[in-house]
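One letter stands for each residue in the lines below.
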Amino acid sequence: MTPESDWQPTASLETLKLRADLLSKIRSYFQQQNVLEVETPAMSHAAVCDVHIECFSTKFKPVSRSVGQTVYLHTSPEYAMKRLLVAGSGDIYQVCKVFRNGEAGGRHNPEFSMLEWYRVGLDHHQLMDDVTGLLSHVCDFTELRRVSYQQLFEEHLGINPHRTATQQLIKLVKEKVDSELSGLERNALLELLFTHLIEPSLGWSAEGKLAGVYVYDFPASMAALSRVQLDTEGQQVASRFELFIDGVELANGYNELADAIEQEKRFKHDKAKRQELGFEVNPIDEHLLSALRVGLPDCAGVALGVDRLLMLLAGTHAIADVLAFDFAHS
Amino acid sequence: MASYSTNEFRSGLKVLLENEPCVILENEFVKPGKGQAFNRVKLRNLNSGRVWERTFKSGESLEAADVVDKEMEYLYTDGEFWHFMLTDGSYEQYAADQKAVGDTINWLKEQDVYEVTLYNNAPITVSPPNFVELEVVETDPGLKGDTAQGGSKPATLSTGAVVKVPLFINQGEILKIDTRTGEYVSRVSNK
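So the protein lines, in turn, are chains A and B.
Quick note, the first sequence lines up with residues 0 to 329 if you use numbering that gives the first Met the number 0.
Quick note, the second sequence lines up with residues 0 to 190 if you use numbering that gives the first Met the number 0.
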């Protein structure tokens with residue numbers, strides 16, 4: 000594109016109509032299901048402390064004052080929505096823009112649209128049924144398979160991801176991903192093996208038809224905000240799932256951790272990790288911890304990338320093709 | 000020497016990897032939702048022509064390679080080196096060895112212009128234009144009137160390259176050849 004034509008949208012008008020149509024179908028599904036649409040702040044006094052998610056921050060300055068207070072743009076509406084659940088909202092959903100610093104290029108844009116919803120009384124397996132229900136309502140979707148993280152590693156690499164020694168994972172990564180990679184932690188090693196050797200084969204899309212594979216029971220070290228439970232073999236696993244279509248990570252769901260003490264422990268662990276890695280350390284969300292101490296109802300929640308769903312429906316690998324204006328043209 | 004971080008990687012960028020000059024072909028940002036970020040990069044090793052697929056931690060950097068592409072006119076060969084001259088009027092000359100000339104040897108014609116890639120100011124590859132025009136120095140006599148029929152025969156060109164040509168082609172004719180496929184395209188003129 001020449002600078003003279005840089006003002007133009009990066010998505011076609013046809014794709015913009017596809018987006019509008021998708022949003023209205025999402026809303027009609029949740030209306031049918033009696034799930035309440037909510038809005039929570041995009042700007043917050045606290046931030047996520049995920050080790051590998053970077054926030055945008057800005058300053059709130061009272062009028063006529065030059066100094067201000069640091070506030071953060073949300074990277075997901077999760078914390079605020081859980082506070083609503085504790086307050087008795089029942090099933091809720093939200094479609095909103097979320098912001099992640101540093102993530103640009105290909106499938107990534109630093110601001111993107113997320114659909115996040117929570118179902119009270121469901122676990123993550125029942126929530127997979129709900130995700131399939133939603134996708135079948137908004138497009139031509141087929142669920143191909145539900146498979147555990149362990150099963151996939153056994154099928155593709157012949158190893159048990161929970162029990163294989165880290166040394167062996169390092170050897171596999173050097174052999175199959177890149178011989179020069181070093182200094183990686185166990186989770187990063189597993190993720191590399193997953194993204195390079197397993198993910199590309201999960202699901203497919205063609206001419207607006209989508210077929211997906213759910214992967215569940217992740218390693219306990221990747222639990223984030225999900226519960227850790229024992230699987231049928233007595234192995235500790237994270238009660239999480241991810242949905243893949245055509246090798247694209249589309250949705251990430253949790254059987255939500257309700258234990259305030261465990262949650263605080265994980266926050267502090269992540270915070271310490273960020274400190275150790277030299278990343279910026281942000282304030283922990285005390286409101287969430289206070290709410291969890293009151294008691295989160297048993298629930299499962301999932302976040303789905305709306306732009307990624309549009310990419311799959313439009314048959315493109317570039318997020319710019321489904322955004323009115325991508326980051327480079329914003 | 001300057002260096003480039005993974006977030007500056009784009010196709011066409013010339014970098015040094017394991018002391019070999021490479022050109023970046025593709026750069027994909029890979030990041031699981033909650034996981035660490037990586038870049039999957041495809042590069043062509045400019046010395047060997049081989050394509051490498053590598054994965055870097057996002058934020059890592061590679062040194063820039065002193066690689067430039069220059070238009071040069073082919074002058075002559077002394078048997079060991081092939082001599083080229085810059086077309087910018089500087090009359091500066093460079094000698095490329097057999098490895099740098101590679102398969103382009105089949106399409107080298109004096110006074111034609113080629114793209115010469117210089118690494119640390121020495122030629123590492125010589126690329127021909129997509130089409131060259133070369134004379135047939137040897138082929139079986141043409142079949143008169145047989146311009147529509149199929150069938151082909153070998154013809155030796157002035158460079159020594161042998162290409163398949165239609166039966167009606169005669170010795171001394173100039174042919175247009177596609178250097179990417181090594182195939183005959185058309186007859187240019189009768190000499």
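I should point out that these hints are in silico values taken from the structure, not numbers from a laboratory.
Please note that a few of the clues may not be correct.
Chain B regions said to be covered by chain A (calculated; three or more residues, Cβ under 8 angstroms) [claimed, not checked]:
#, region
1, 28-37
2, 44-56
Here are the simulated DSSO-like cross-link-like pairs (lysine-lysine), alpha carbons at most 27 angstroms apart as the crow flies [stated by the list, open to error]:
#, chain 1, residue 1, chain 2, residue 2
3, A, Lys173, B, Lys33
4, A, Lys170, B, Lys175
5, A, Lys208, A, Lys24
Pairwise CB distance ranges (calculated) [stated by the list, open to error]:
#, chain 1, residue 1, chain 2, residue 2, range
6, A, Gly246, B, Gln97, 42 to 48 angstroms
7, B, Ser60, A, Glu206, 37 to 43 angstroms
8, A, Val293, B, Glu52, 49 to 55 angstroms
As the structure is a computational prediction, the values presented were derived from the model and not from experiment.
Glycine is no exception: its CB is placed at the ideal position from the N, C-alpha and C atoms.
(request) Taking the numbered hints from earlier one at a time, note which ones the structure violates and give those numbers from smallest to largest. (result) 4
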